[in-house]
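Peer 1: Protein chains in written order, with full-length UniProt numbering: chain A, 1 to 186; chain B, 1 to 186.
Check the hints yourself; a few may be wrong.
The list cannot tell twin chains apart, which means a pair is met if one copy fits it or any two copies do.
Stated by the list, open to error - In silico lysine-lysine, DSS-like type, Cα no more than 30 Å apart, as pairs:
no.: 1; residue 1: Lys-112; residue 2: Lys-137
no.: 2; residue 1: Lys-182; residue 2: Lys-3
no.: 3; residue 1: Lys-7; residue 2: Lys-137
no.: 4; residue 1: Lys-182; residue 2: Lys-69
no.: 5; residue 1: Lys-69; residue 2: Lys-132
no.: 6; residue 1: Lys-69; residue 2: Lys-119
no.: 7; residue 1: Lys-173; residue 2: Lys-119
no.: 8; residue 1: Lys-137; residue 2: Lys-173
no.: 9; residue 1: Lys-180; residue 2: Lys-3
FYI, nobody ran anything at the bench for these hints, they're computed from the structure.
Keep in mind the model is a prediction, meaning the values are calculated, not measured.
Below are the chains, spelled out letter by letter.
There are 2 protein chains.
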Amino acid sequence: MKKTYRKKDLPVADIRRYLEPGPTVLVSSRWKDTVNIMTMGWHTVMEFSPSMIGCMITAANYSFELIRKSGECVINIPTYDMIDTVIGIGNCTGAETDKFSAFGLTAVAAEKVKAPLIKECYANFECKVIDKHLLPKYNFFVLEVVKAHVATSPKYPTTVHYRGDATFMISGKNIAYPGKFKRQNL
Amino acid sequence: MKKTYRKKDLPVADIRRYLEPGPTVLVSSRWKDTVNIMTMGWHTVMEFSPSMIGCMITAANYSFELIRKSGECVINIPTYDMIDTVIGIGNCTGAETDKFSAFGLTAVAAEKVKAPLIKECYANFECKVIDKHLLPKYNFFVLEVVKAHVATSPKYPTTVHYRGDATFMISGKNIAYPGKFKRQNL
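Just chain A, same shape as in the assembly:
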């Protein structure tokens, strides 16, 4: 039984709360009538405002051309209960598989991009490609997050973090150190 979350809008400047810890994510994309999902581990926050993400997507990946041509994608954050889905999506190709159907996932219309949100994920960040300078040489996309949706609870998701060698680190406890930060360094 898959989880379904009630979601709220998240200010796009706050996506680092969920992405900076480094979870493995699912990237959904659409170009014309073709939709796909890929598993991605190589991404980083790049700026608060505009809200920016950088990510490396191998050109051999079926999603690469969908994202390059449409200039859009959605970054979805799956949780530990979805580990079989995360691994499965990373081990088949959209050229042969309708991944929404094969993995029983629900495509929900996004607000600002044509790529679909994955309903079963904890968070969904709608993104537009804003810089392709590093695309030819490094397959590196620079994205702007234009709309963010996040589950109303739990406060933090239990995420999976890939290490290679078929091994994931599962996120542990969250600890706040409020007295130890200068305000400008939060």
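Fit chain B to the supplied structure of chain A, relying on the hints for placement.
Peer 2: Okay, now just chain B, sitting in the frame of chain A:
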């Protein structure tokens, strides 16, 4: 009492094992006689071979010019027992503080760069800046890892992963799913 690790060489193509999960890292740098350390959360693996990392470092940061001018730095992976050091380094500036001295850290000579390794960290990745195309607009460095050192044990470090708002996620258990991956997708 700070940990000291016995370390071994790590093939540079294997650094994703420790960086892809998204730990907060300490970046050490040197330009002429000036040495500094900064705390960094915005980084991603970009390639296996050459071994590449991309990272965003605010230009206002004291380390920015040291790294830009020298074209080098070391990415060090601290562990949970060093959380006060990680926070402390992120909340003072190298313009006013000798961070190695202030935080009781040991600078060890690197092999291929002039920036020092931080002995007390679990892993140390010696890096050279190889692409500055995104530096003027986004403060984004592309690095090549030219030498990697990693502790011989434990197999995986307990790392800290910043979420903003003075809150860290602490890395949890590691789980292998060897039967579920195609070899080319490991």
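Peer 1: Of the numbered hints stated previously, which ones are contradicted by the structure, given in increasing order?
Peer 2: 3 and 8
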